[in-house]
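Q: Here are the chains, one letter per residue:
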Amino acid sequence: MEVKSEASGPKATRVKTEPRVNSENQTYKLRAKNIDVFYGDFQAIHDISLDIIDNSITAFIGPSGCGKSTFLRLFNRMNDYIDGFSMNGQILLEGQDIYDPSVNVEELRKKIGMVFQKPNPFPKSIFENVAYGLRIQGIKDKDFIEQRVVESLKQATLFEEVKDDLDKQALALSGGQQQRLCMARTLAVKPSVLLMDEPTSALDPISTAKIEELITELKKKYTIAIVTHNMQQAGRISDNTVFLYMGKLVEYGDTQKIFTNPEKDRTQNYITGRFG
Amino acid sequence: MGLTATILCLLILAIFIGFIIYQGVGRLSWDFLISLPSRFAERSGIYTAWIGTLWVLVLTTLISFPLGVGAGIYLEEYGKKNKLNKFLEINIANLAGVPSIIYGLLGLEVFVRLMNMGSSILAGSLTLALLILPIIIVSTREAIRAVPSTIKEASVALGASKWQTIWNQILPASFGGILTGVILAISRAVGETAPLIVVGALAYVPFAPQGPLDEFTVLPIQIFNWVSRPQHEFAINAAAAIIILLLITFIMNGIAVYMRHRWQRKIDW
Amino acid sequence: MNVKEKIIEKILAFCALVTVFTTIGIILILAIEAVGFFSQVSIVEFLTSTKWTPLFTQKSYGILPLLSGTFLTTVIAISVALPVGLTIAIYLNEYASKRFRQILKPLLEILAVVPTVVYGFFALMIVTPFLKTFIPELSGFNALSPGIVMGIMIIPFVSSLSEDALSSVPNSLRQASFGMGSTKFQTAFRVMVPAASSGIVVSAILAVSRAIGETMIVAIAAGQQPRFGFDPTVPIETITAYIVQVSMGDVPHGSLAYKTIFAAGITLFIFTFILNNISYWIKERYQEEYE
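Protein chains in written order, with the numbering used here: chain A, 72 to 347; chain B, 642 to 910; chain C, 15 to 305.
Hints listed in this document are in silico derivations from the structure and should not be mistaken for laboratory results. Certain hints may be false.
Simulated restraints, written as ranges between beta carbons of each label pair [as the list claims (entries may be wrong)]:
| # | chain 1 | residue 1 | chain 2 | residue 2 | range |
| --- | --- | --- | --- | --- | --- |
| 1 | A | Asp125 | C | Gln189 | 54 to 60 Å |
| 2 | A | Thr287 | B | Ser790 | 28 to 34 Å |
| 3 | A | Asp238 | C | Val34 | 44 to 50 Å |
| 4 | B | Tyr663 | C | Gly195 | 48 to 54 Å |
| 5 | B | His902 | A | Thr343 | 49 to 55 Å |
| 6 | C | Thr67 | B | Ala844 | 23 to 29 Å |
| 7 | A | Ser245 | B | Leu669 | 54 to 60 Å |
| 8 | A | Gln218 | C | Ile25 | 34 to 40 Å |
Bear in mind the structure is a predicted one, so any value in this text is a computation, not a measurement. Virtual Cβ for every residue (Gly too), placed ideally from N, Cα, C.
From just these sequences and the hints, can you work out the full model?
A: Right under this line is the structure:
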C-alpha cells in the first residue's frame, strides 16, 4: 500500500481541524478537498472537492468507470489495498484528516461502515455474521452481543424474517435478505457514516424496494453516501446528488434541482439517458 | 490410441500391484507387524520400520505445517508485488524441482553434523519438512486465493485488522484446501527414501525408537534393504512391507481427494 | 494491537524466509564441500576421466561414467514418458468425455503417488525378468528396466502438465480449425499441439529434471557399477545411486570419499537447477501469450 498523501506530508503531525458549519447551518460530516487519485500512471479522480452533509443521503451517479466507486472507497480507505493506488488531497471526517498517519484505519472503519455491490455475508451463521464486528473488537459479553445483534437485525428490518433461525447459514438466505444482513452487520458496529456501493444492483425489484425503504429510514441517524447507476433510485432516495464523469466532478447539488433543472448539458444528457 | 495408452498405463499399474499382493499378502500377519528385524527373513518384521515411519510422519507434520502455511499466508496476503516477492516465488518454484537426495545432503551437513542431532528422527523429519515445504506453500496459496475477495473486503470494512481477517475469515474458508495440500505433501514424505538414507537413517535398527533423538529406520528404507538382498525370502518380505506402505499412501491420498471434493462443493459461494 | 499485528507479520515473513535459507543452505554446503573436494582432485580429471572409482584402492575421480549412466536412464525414461504422457493428455483434453476424464485422471494420479522405492521393486522383480525373455543377454542390473519404470512413473507428471497447456489454448482456435473442415485428429496434432508447444516443452524439461534426480529406482535396479558408455543392457550407476551407495556404507566424515558425494551432488544440482530455470522462464513468457 503506497498511500502517498501529499497533504499529510510535512505538516503531518498536526491534525487539522476545519469549521464544520456552512451558511445554512448544516454541519458537514465528510469533506473531500482537492482529491486526485492514481492507479499507477492512470489518474482515476481529478481534483474533486465536495462536502457531505450530516444526516443526509448523497448519491453518486455517472457512467461506469467514472470513478464513483473509487471515490466512495476513499472515505473508508478501502483503496489502500489496491496495487499502485496513490492520492493527493485531504478527506476530513468531522474535521479530521483520515489519511493522516496517526489515524488508526481499523478505528476509522468502525466509524464509517460499508455495504457492497454484491451481498457478501460470511460463510457463518446469521447471528455470527452480525456479531463479527463486535467480536473482533474483543467484546465477550454474551448478553450485550445478543442484544446488539437483535437490535441491528431489527434496524435492518430483517429480524422478523430470521428470528427463529439465527443459527442458520447466512448463505442460505435470499439475495435481498443477505444484503439486509450485510446492513445489519454494518450497523452492529454503530458507525456514523454508511457507504453503499450499488447495494441493490444484484437484487430483484421487491428486495430493492425494501432496501431503499430501509436506507431512507436510516437517514435519520446516519450520514449516507450511496453509489448507484440507477437514476430513478438516486432521484427517489437522495437529498443531494453528485454527478461524476471521467473522474471529474461535473455537478453537485440538491437532487431535486439536478434532476429537474441541471446546470450542465452533460448532466442533462446523462439523466435523460442520452448517454452513459 | 489415446485411450489405449491410458488403459495400458492403468493395466501396468494393476499388474504391478497385483504382483505385489500375490507375492506379499501371504507373508502379512500380526507377527510381521510386531516383529523386530532379523537376519532370518521368516522371523523378520517391520515393527521398527513402521514405528519409525509414524514418528517421522508426526514430526514432519508438526514442523512443516505451521512453516508452510505461514509462508503461504505471507506470500498471498502480506507479500507485496515487488522484486522480493518475485524472488521468493522463483525460489520456491526452484526448490520444488530440487531432487530429494540433495535435501538429504543438506540435512546431513546442517542437521546431523552442524546442529549435532546425529542421524536422529528429528534430523530426518527436519529434512523431509524442508523437502515438502514448497508443496504446502503452493497449495496454501491456491486455497487462500480461492476465497472470494468480497469476504476479505467485508471483514476489513467492519474494522477488522489484517490478521483478524485472515484468522477469522480467510483461514476457515480455505482450511479444507490447505489441509488437502498438507496431507498430500505428508504422504509424499512418508514414501521418501533417498534423503533419509543420506541423512543416515539405518537399514537395521534393533529396537523401536523411544524419542525424537533416537536412531531410526522407516518403511521405505526397510523395503530397500530387503530388496537389495539376493535371497528370495527377503523379496517376499519386501512385497509384504510394500503392501503396508501402499496402504498408508493410498489412504492418505484418498482422504485428501475426498476432502478436496467436499471442500470444492462447499465453497460454492 | 498494532504491535501484535507487526509481530505476526514478522513471524509469517520468517516462515517464507525459511525457503530462502534452504536454498542458501543447499548452495553453501554443496559449494563448501565441493571446494574441499576440488582442492584434492583436479577439476580436469573430474570432467574428463572416464573412470569413477573413489571407493577402490586404485582411485580415479571422473564424473563421466556417472553422467553417462544418468543420461542413459533419463533418455530411456523420457522416451517412454513423453510420447505416452502427451498422447494421454491429447486424449483426455480432445477426445474423452467429461465424465470419463473425471474417472481416468485420479486413476492416473495413483501412478504418481506410489513411492519410488516401490517402483524400484517393480523394475527389479517384474520388468527386468520380463525383458529378459526378449533380450536374453540383459543383466540382472541394467539401465533399460529402471529407465522404463521411471518413464511410467513420470507419465502422469507429463500428461497433467501437457493437459494444462492444451486446455489453456483458447477454444476459438479449435473452433476455427473445425470450421475449416479439419478432423479431430488434424485439429489435435496440427493446431492444438503447436499452440500449446511451449507448455509441452516445459513439461518435457521438468520431466527430464525429475528423471535426472530420481534415485531409488536406479539405486535398486540399475546396479552400482560406474561405467562410461551407453549400453542399456549392462549394470551402470547414476549420480544419485552413487550418493545412496556411499551413504549406506561407512565412509568417515571429512574424508575425500565423503566429499565425493557432494561433488556428485553439486553436479546433479547444477543440471536440475538449469533445467528448472529454463522451464520457469519459458512458462513466464508463455503465460502472457493468451491473456
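Q: Decide, hint by hint, whether the structure agrees.
A: To see whether the hints hold, each was checked on the structure:
Separation of A/Asp125 from C/Gln189 is about 58 Å and conforms to the stated range, judged on CB atoms against 54 to 60 Å. One distance hint, 28 to 34 Å for the beta-carbon pair A/Thr287 and B/Ser790, holds here, with the actual separation near 30 Å. Remark: the range hint 44 to 50 Å for A/Asp238 to C/Val34 is upheld by a beta-carbon distance near 46 Å. Hint check: B/Tyr663 to C/Gly195, Cβ distance near 52 Å, so the stated range 48 to 54 Å holds.
One distance hint, 49 to 55 Å for the beta-carbon pair B/His902 and A/Thr343, holds here, with the actual separation near 53 Å. One distance hint, 23 to 29 Å for the beta-carbon pair C/Thr67 and B/Ala844, holds here, with the actual separation near 24 Å. The supplied range of 54 to 60 Å is met by A/Ser245 and B/Leu669, whose beta-carbon atoms lie about 57 Å from each other. The beta-carbon spacing between A/Gln218 and C/Ile25, approximately 37 Å, falls within the hinted interval of 34 to 40 Å.
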